[in-house]
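Asker: Single-letter residue listing:
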Amino acid sequence: MANNSQSPGRTTGHTRREFLKGAGAGAAATALANVPATAEGQQAGAAVIHGWTTVSLDVNGKSHQVKVEPRTTLLEVLRYQLDLTGAKPVSLDGSSGASTVLADGKPIMASTTLALAARGKKIKTVEGLGRENPDPVARAFVEHDAEQCGFCTPGFVVAVRAFLDKNPQATDEEIRSGLNGNICRCGTYANVIKAALSIVKGGGNG
Amino acid sequence: MANVIYSWPSADEAKVLGKRRDRLDGLVKATGAAKYTYDINLDKQLIVKALDCPHAHCRVGSIDTIAAERVAGVVHVHILRPPSTEIQFQGDLIAAVAAETEGAANEGVAKIKVQYEMLDVFVRDDDLEAATDFGRTKKAGGKTELEREPTDDEDEDEFEEKEISRLFKESKYIVEGYYGINAITHCCLEPHGATLEWKGDKLDVHLSTQNVSRTDDGFADALEITADDVDVHCDYVGGGFGSKFAPDYWGIAAAQIAKKTGRPVKWMLDRDQELKIAGNRPSGYVKVRLGADDDGMAIVWDSQQWGSKGITGSGGIENAMPYVYRPKNFRRRATSILTNADVARAWRAPTHPQACAMSQTAYDDLAAMMGVDSYDIFMKNLANISSRQKAEVYVEEMKIGAKLMDWNEKWHPHGKGPTEGSIVEGLGMAIHEWGGVANTSNCLLRIHPDGGVESYCGTQDVGTGTRTVCAMVLAETLGLSEEAITVNIGSSKYPMSGASGGSTTVGAVSESHRRAAQDAIAKIFDLAAPKLGVNSGALEASNGRVGVKGNASKSLSWKEACGLLGINPLEVTANHVRGTKSPLSDVGVGGVQMAHVAVDKETGVVKMKKLVAVQDIGLIINPKMAESQIYGAVIQAIAYALFEQRIMDPKTGAFLNAELADYRLPWLGDIGEIVVHLYEPQSERQRGVIGLGEPPVISGGAAISNAVCNALGVRVPVLPLTPKRVLDALRQAGVT
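Sequences listed follow chains A and B, in order.
Just remember that this note's numbering sits 1 ahead of the position in the first sequence, which is counted from 1.
Just remember that this note's numbering sits 8 ahead of the position in the second sequence, which is counted from 1.
Wrong hints could be hidden among the right ones.
Below, a list of computed lysine to aspartate or glutamate pairs in the EDC-like style, where the Cα atoms sit at most 16 angstroms apart [said to hold, decoys possible]:
1) B:LYS52 - A:ASP84
2) A:LYS195 - B:GLU681
3) B:LYS146 - B:ASP134
Everything labelled a hint here was simulated from the structure, so no lab data went into it.
Isolated chain A, as found in the complex:
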């Protein structure tokens, strides 16, 4: 039954690393993007970016110069260059919701967003929701104990914030059907629902 097979690595599934390999790594590392640096954010035609380049990202209201490759994700930039480690790397495909951040107020997965694609957008991370003066959602998570190990919590807080911004009068039913993009392995959902409802009732949407 023995036979030989040669494998360059993975043969099953589609992981981000394979996808990104196709998207930009290696000798043919290229990415179609707007012209970086000076013309950033303005439509000045497409350019091809090779290797490392310095770009500017707007994160939590501040402009940051960061070094990226075409394959660098927004999550890597946040965690390794800006030391914003609230957004978590849980799944390569973004299906856990743990890397949720806001881009122009809308929730996106930092793990599946290339850093280059985040240019020109106002990125807000869980840290940007406030530490000294925490967001009511973060406070409600504490009051209703909607956290255990806490690893999914920052992503969940951001997701709930975005959801309630869009649905400030959300009902129990709407919360249950509208917040299914975040996975919690400890099973805090029952208290997340209570926390979100308390914000609606308490008018904590600011």
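Dock chain B against chain A, hints included.
Answerer: Here is chain B on its own, set in the frame of chain A:
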């Protein structure tokens, strides 16, 4: 100082214990400030990514790392499984690449070329016949207990056969059932891994672990140093559930790479690797015969079970069979199947959820066969149980559960409920037991002359709220607020405390912190007594003051009292050893869960409507956090009952759903209503603290399975109860 008598204050006297307090580190977690192992970034750190084996059983041939080493940014390539190593399961790590960035490390991994010689694969853990044909079976433990004994001239084996068949002949009802539960993974959201560096000859490790105090020796053994040369830290851990007790071989390799390169190293597993090699729970399948008398009292159980713990194949689940409900006559036999899968690890309440789902389903089928209420069968059979909790406690918990579920109003005979369109509803229940012994724990408590209080304990917070528990126990004993105390946990430099496994942590730290604080306050009373002109026995510590009981005017502020210490702080260390009898903690809890489900007979989809969990845990430190643990456990039970399973390709042994998009866990919208009731009568509270982590995850699976059976009138035998399995069961039963 008089001998200190360790005890808890009564419920009336307690000022902190038993109160619904927020967890102290709640905001740190909710604002993203908490630093987990994955979040620790060390200066000049290398990122490690690994190549994992795509084959479930093979031999490593040549490994070509030249192209990988040439990738810009790659610093080092480390071989974990050299040529000629036999690989026993998919995902085992072959080689690792240390690089400046994740991108470079991943690119390096992709460029490693490995030749594999393929070997025979077997992963069909549910197929006893095929496993036997394939030579992949191993006898596991069996046990027989019979009320009658053979006479001197009877052969024991023959007697056993005869006696069992006699008991079945005597039985009015005989259930013949097949039940099972697939393997699942731990799926910690923070993957296993370490961020570490060498400081000279000393290794400093941030490890994602539930065993802060006892992983230093694992590193030391493997690296040929001694445990004093290793410091392990873990302020926060992103889930463990029984899978994070050791450094793991990639943790050791991370230290070797750091040594070799002279750089700090961060190595966290990728998600698919985490699911494949960092923890799974054994499967179990069983054929049962259960005999009962006219009244539905079980009199004989006979089971033959099989399942897999992975490539080592040793058993375990069978020891808990039949679960809690155990007739006076029973025989259980078991076979382990060796599969090309990673070796199973302890998963929250090891063996109990499977055993519960494989035996209390038979009791529910007995009720279905008799056409009677399952509640009555479960109540009646409390006469014969094997549990560390008393039958009387289950009786009360069942009554409370039935009331919260509105059982009497909602219950209908199996398969005979009203149908709305294609939807039928049903109720099911099950019960569980657990030990929850207080683990070994040491606490160093330091009280400064200026009134400052700090504690040190090498425990960890896996989500329980350990910091908060430590602070509440100290605050209660010293008469202070929790915020006035600095609690230090999460480092192997602190006094040793046991691993967080088996529901042993809250008991452990409650023991060590209560003892330390009682010892310390006794010394402060001795100093304060002469000042207040009373015996130290007349003093109490309360509301930030040390004073005469019942006489608020005769007291010192906490700061004044601590000032009596002189120039040096008071340091007390206290200790509890696991298994020592203590007035502060005990062993043995019960618990009852009842499920209400709605099943769509056309689509096979099962929806949770409600789950009631009634749980005793002795003395409750913080009801808010205790309820959270139960919510979480119940949701994990919903997960393995309805959604999650490890799916292996029977031909190649590939783990087909090792990403979160495919490894289905429940979402927020899947849980229905969950009602938690903490059962804490004085008779239970006076037993002291007992662990809670495991028990509430146990009986939900069986309760949900029984509820689905009650709805459909048909048993869907194997968990998780996926839509396809529901439809298959209906089809086989000729219902649709």
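Asker: Taking the hints in turn, state whether each one holds.
Answerer: Each hint tested on the structure:
no. : hint                : in the structure
1   : B:LYS52 - A:ASP84   : holds, 14 angstroms
2   : A:LYS195 - B:GLU681 : holds, 11 angstroms
3   : B:LYS146 - B:ASP134 : holds, 14 angstroms
Hint compliance for this structure: no hint is broken.
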